[in-house]
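Chemist: Spelled out from the first residue to the last, the chains are:
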Amino acid sequence: MTVAELRGVTKRFGPVEALKGIDLDIPEGELLALLGPNGAGKTTAIGMMLGLRRPSSGTVKLFGLDPGDRRARSRCGVMLQESGVNQTLSVSELVNLFRAYYPNPMSADRAIALAGLEPEAKKPVAKLSGGQKQRLYYALAVAGDPEVIFLDEPTVGMDVESRRTFLESIKNFAGNGRTIVLTTHYLDEADELARRIVVVDRGLVVADGTPDFIKSKVAGRRVTFDSDRALTEADFEGLPRKRLEISGQRAKILTDQPEEILRALFQRGLAIKNLSVVGADLEEAFLALTAHDKAKAGESGAAEPDSSALEEVNR
Amino acid sequence: MSTRVVTRPSGMSVAPMSRMLGASLKARAQFYRRSPLFLVFSMVLPLMFYALFGTVFAPKSGAPEFFAYLLGSYGAYAVSSIMIFNIGIGVATARAQKIDVLQRATPLPGWVAIASEIVTAMGVAVVSLIPLFIFGAAYGHVQLSAARWLLLVVSLVFGALPVLGLGLAIGYGASANNAPALANLIYLPMSFLSGLFIPLAIMPDWIQKIGVWFPTYHYGQLAWNSVGQGKEEPLWAILWLIVWAAVLFGIAARFYRRDQTRKFA
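Here the protein sequences line up with chains A and B, keeping their order. Quick note on the working numbering: the first sequence kicks off at 1 and runs consecutively. Quick note on the working numbering: the second sequence kicks off at 1 and runs consecutively.
Take these hints with a grain of salt, some might be off.
Once the Cα atoms are required to be at most 25 Å apart in a straight line, the calculated BS3-like pairs of lysine-lysine come out as [said to hold, decoys possible]:
#, chain 1, residue 1, chain 2, residue 2
1, A, K133, B, K98
2, A, K217, A, K273
3, B, K263, A, K133
4, A, K122, B, K98
No lab work stands behind these hints: they were computed from the structure.
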């Protein structure tokens, strides 16, 4: 059984092409993360699956039905990024309201417990903290005991600790064959929760696979150092690098094997100062993955200020 | 909302409409209970006007009739201010807080949310009449048959439909910031010119001539008629109100569709 199905979906907002042709199948029981930087089209894609947005072209099906169909929606729980609830109602009043929307809801106590909001059950929403509000939206998403939950950037506004327990709770809920679709721009969040990661960038699916597969493509270390002379590409010939960026005496290398690289560089007798080896951030990882060429990187301007000697290799 | 059947997997069903409606009404009631100021305003202001104006201007003879007339005026004022302010500002605020966005992603049909808002506003309107009625009967010695009391309530609640349409138009057309100002700007002069604050009989001719065009004038006539003091045939008043309701609900529907297209197209 397919939960959601997108076929050649495009979406235009005026001059902006938010989705440029997305094909996606989400089978039942999938734990899927849509991963991508801000503005990649993740929220638009989820909005399509929920019938909140109509595609400019292509088709979207939810449980084989039009996403606006109430029978399809009755099987989905939703946590949206930009949405609200009546601030004067209390947590338990809202959970009970949302329970009534669904044919076979879970008990209010259970929904509140899953979100870890028992102490706040009687509190009006207006008095909740940012993280507590996020958990309230989660409680509302699970209140209908849905087969699938869509979570759009669910951990925004949460501190590290509550983010961890929150992801744990989602994992538990997903346990019995439920489908989870979440969007995030944190690779580690996707890695922790998902069995499948779909990387979206600039309205296109650029990678689709298991977390290990995606990590092998994007995760890496960034080796940065200065030398005592101007560097050239020839200095890095044959090294296991994913991306190389040279500006004068400074080199920035994205790689899975920083040790190999350093060993080789020392052997070649290159002077190395100010060395740092750190985890590549997601922005770099995406650049490696999405093959934005030099021209495009230049176009995007501020994102890559020193893209003078930007090169992509080993892809 | 589409009801087209594409496939029909087993076990697919939806929550009963009665449960959705019941829960939505309950949530509205909880909201009003949490916002006592909302209730106080819609009750205290009309009562204050009624008491002040009635006491100051009551004639030596025929005071009960005068108080009965004002009961129609301020009853109409009370009910229509709830329709225009509670609904208008309520809907605009819900849009601003994107309550409708999350709701749209749930199986709740859009009309249930609106209907429950309207029904509770009508309930609040009826409640807001109670202090007016008590004051009128106790202090103003208003004496009406049971049938006329009932007729007054029914006229006040259903005669407010055009104003409800206006409230919805403001709610869907204006931003949350502008809605209160716009509601006041339209509603206060209109009520004044229609004689809801001060009886038309003691106002200049030209005001009376303008007043007859407004829905609130015919609304007032319907109310005054139910206490036996209307100047317009109730049938004409009703006809006027129907036409106005059609126009204002039409405008509200346009704004509603515009809002929906912006958010969900």
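Chemist: All the hints need checking, so say for each whether the structure fits it.
Modeler: Each hint tested on the structure:
no., hint, verdict
1, A/K133 <-> B/K98, "holds, 14 Å"
2, A/K217 <-> A/K273, "violated, 28 Å"
3, B/K263 <-> A/K133, "holds, 23 Å"
4, A/K122 <-> B/K98, "holds, 23 Å"
The structure fails hint 2 only (numbered hints given earlier).
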